[in-house]
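S.K.: Each chain is listed here by its residues.
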Amino acid sequence: MSSTKSIVLSCAGIGSRLGLGQTKALIEINKKPLIYWQLQLFKEVEDIRIVIGYQANDVVREVLKTRKDVIFVYNHDYFNTKTGASFYLGAKDANEYVIEWDGDLLVHPDDVKLILQTDEEYLCYADISSDEAVYVKTNAHGDVESFSTEEGNYEWTGPACIKKSKLQYTTGNVYSQFEPFLPMKGLKIRAFDIDTYEDYKRVSEFIKTW
Amino acid sequence: MKFIFDLDGTVTAQETLPLIASHFKVEEKINALTKETIKGNIPFMESFIRRVHILGKLPVSEIADLLMHVKFHNKVFDFIQMHRDNCIIATGNLDCWVEKLVAKIGCEYYTSISKTSNNKVVSLTQILNKETIVKKYQDLGEKVIYIGDGNNDMEAMRIADVSIATGLTHLPAKSILPFSNYLIFNENALCRQLNQLF
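The listed protein sequences derive, respectively, from chains A and B. With numbering that gives the first Met the number 0, letter number 124 in the first sequence gets 123, and the count goes up by one each step, no holes. With numbering that gives the first Met the number 0, letter number 19 in the second sequence gets 18, and the count goes up by one each step, no holes.
Same shape as in the complex, but just chain A:
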């Protein structure tokens, strides 16, 4: 299962929309930084690759408190690029299959197990909850047919798994990496990403239900 796949956790951004003045991996949720909660979910995964940029040294220091065998990947151009670039950089020298995971995403632990046990390529989505979402349209089988910033029946949250050879450098959003390969198998999960302060408050409540 996950031992043959790499997880690319993108933590390079400046977290500007959240307005807390720090990269999202470091924001505290129930007295622990977000990156701590994520690493708890990946204990069984060997190849964890954390893409760093803004506040890189602080993220490194925080991660090393939990585990030392991660591979930190630099996105030095984090200010001019988005998660699509971080994912590409994190994936390009990784295992054959890579799982994209945004640094601001929290997934229910039971669903993390399901995700890590799923063998083929997939895209994950959740019920719509964010204030500024990207949506997916799914077909009757739950496969993802398209992404949209306007409408859809679910919210695109990630994670997603894909063969790394399909990826290309982009300065854009990570979902653009998957668009050429739609439709893709979809997995509905319980997940929240944190783009705004309202999202942050929602996630703080969500994590108490674990």
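Derived by calculation from the structure, the hints in this document are not laboratory data. Do not rely on the hints blindly, as some may be mistaken.
Said to hold, decoys possible - To give a feel for the contact side, a few chain B residues facing chain A, derived at Cβ under 8 Å:
| # | residue |
| --- | --- |
| 1 | Pro177 |
| 2 | Ser179 |
| 3 | Asn180 |
| 4 | Tyr181 |
| 5 | Leu182 |
| 6 | Ile183 |
| 7 | Phe184 |
| 8 | Asn185 |
| 9 | Asn187 |
| 10 | Ala188 |
| 11 | Arg191 |
| 12 | Gln192 |
| 13 | Gln195 |
| 14 | Leu196 |
As the list claims (entries may be wrong) - In silico EDC-like cross-links for lysine to aspartate or glutamate, where the CA-CA straight-line distance does not exceed 20 Å:
| # | chain 1 | residue 1 | chain 2 | residue 2 |
| --- | --- | --- | --- | --- |
| 15 | A | Lys207 | A | Asp109 |
| 16 | B | Lys56 | B | Glu26 |
| 17 | A | Lys91 | B | Glu141 |
| 18 | B | Lys142 | A | Asp92 |
| 19 | A | Lys187 | A | Glu150 |
| 20 | A | Lys91 | B | Asp160 |
| 21 | B | Lys173 | A | Glu61 |
| 22 | B | Lys173 | A | Asp76 |
| 23 | A | Lys64 | B | Glu186 |
Note that the Cβ used here is the ideal one computed from N, Cα and C, for glycine as well.
Starting from the known structure of chain A, arrange chain B on it as the hints suggest.
M.R.: Same frame as chain A, now just chain B:
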């Protein structure tokens, strides 16, 4: 594809110059110099020359024998052994001190060059510019992966195709981080990344 490794702290689990200093009880002088170098008060090359002036008076054969017992990062050592033709050691350390040590590793290597007489270093004739080694292999059409942790790896890491900053023995020098693609603190993770690149 060529993997070029810094030696001290990257392939070895101990820094060699402090080890020599401690063995011959001149660590106070060497530590003071190291401290000023880290603070940025003494440039790296000057610091190296001054360290050689202090340690060069010591018996070369005894230093070489001492360094034969330096501990390696075993998994990194094994990786190099398995891929000898693709691995190279680049160390600023002196040929007369480290040749026996690097011979144990068994791959190609480059060092700084000294002249010895009566079992002592009498002059430093060439300080290794690690970037010239990177350039040499790139000019031969090789993709170069450079693995290092110190200030004197900075230029090599700036031009290498892939640069891996390591913190296996101590924290990597801050100066190399802007030129690094990867930052790794654990031997298993480093070897995993090297195998993924291979």
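S.K.: Could you run down the list of hints and mark each one as holding or not?
M.R.: Against the structure, the hints:
Interface hint at proline 177 of chain B: satisfied, since its Cβ lies 7 Å from the closest Cβ of chain A, which is below the 8 Å cut-off. Checking serine 179 of chain B against chain A: minimum C-beta separation of about 6 Å stays under 8 Å; hint holds. A distance limit of 8 Å between C-beta atoms decides the matter here; for asparagine 180 of chain B the minimum to chain A is near 6 Å, and the interface restraint holds. The interface hint given for tyrosine 181 of chain B is met, as the beta carbon of that residue sits about 6 Å from the closest beta carbon of chain A, less than 8 Å.
A hinted interface residue such as leucine 182 of chain B counts as satisfied when its beta carbon comes closer than 8 Å to some beta carbon of chain A; here the least separation is about 4 Å, so the hint holds. At its closest, the beta carbon of isoleucine 183 of chain B sits 6 Å from a beta carbon of chain A; the interface hint therefore holds under the 8 Å criterion. Below 8 Å, beta-carbon pairs count as interface contacts, and phenylalanine 184 of chain B has one with chain A at about 5 Å; its hint therefore holds. For the restraint placing asparagine 185 of chain B at the interface with chain A, the shortest Cβ-Cβ distance is roughly 4 Å, inside the 8 Å limit, so the hint holds.
The beta carbon of asparagine 187 of chain B comes within 5 Å of a beta carbon in chain A, closer than 8 Å, and the hint placing it at the interface holds. Among the interface hints, the one on alanine 188 of chain B holds; its C-beta lies about 4 Å from the nearest C-beta in chain A, closer than the 8 Å criterion. For the restraint placing arginine 191 of chain B at the interface with chain A, the shortest Cβ-Cβ distance is roughly 6 Å, inside the 8 Å limit, so the hint holds. Annotation: interface hint on glutamine 192 of chain B holds; nearest CB of chain A at approximately 5 Å, less than 8 Å.
Nearest Cβ of chain A to the Cβ of glutamine 195 of chain B: about 5 Å, under the 8 Å cut. The hint holds. For leucine 196 of chain B, the interface hint holds, the least distance from its beta-carbon to any beta-carbon of chain A being 5 Å, beneath 8 Å. Simply put, lysine 207 of chain A and aspartate 109 of chain A have alpha-carbon atoms about 14 Å apart, close enough for the 20 Å limit, and the pair holds. For the suggested pair lysine 56 of chain B and glutamate 26 of chain B, the alpha carbons sit about 14 Å apart, so the restraint of at most 20 Å is met.
Of the pairs offered as hints, the one joining lysine 91 of chain A and glutamate 141 of chain B holds, with about 19 Å between alpha carbons and a cut-off of 20 Å not exceeded. The straight-line distance between the Cα atoms of lysine 142 of chain B and aspartate 92 of chain A is roughly 14 Å, inside the 20 Å bound, and the hint therefore holds. For the given pair, lysine 187 of chain A sits about 17 Å from glutamate 150 of chain A by alpha-carbon distance, which is consistent with the 20 Å threshold. With a CA separation close to 13 Å, the supplied pair lysine 91 of chain A and aspartate 160 of chain B stays within the 20 Å bound.
This hinted pair checks out: lysine 173 of chain B and glutamate 61 of chain A have alpha carbons roughly 17 Å apart, not beyond 20 Å. At roughly 18 Å between alpha-carbon atoms, lysine 173 of chain B and aspartate 76 of chain A fall within 20 Å of each other, so this suggested pair holds. For the hint pairing lysine 64 of chain A with glutamate 186 of chain B, the CA-to-CA distance comes to about 17 Å; that is within 20 Å, so the pair holds.
No hint from the list above goes unmet by this structure.
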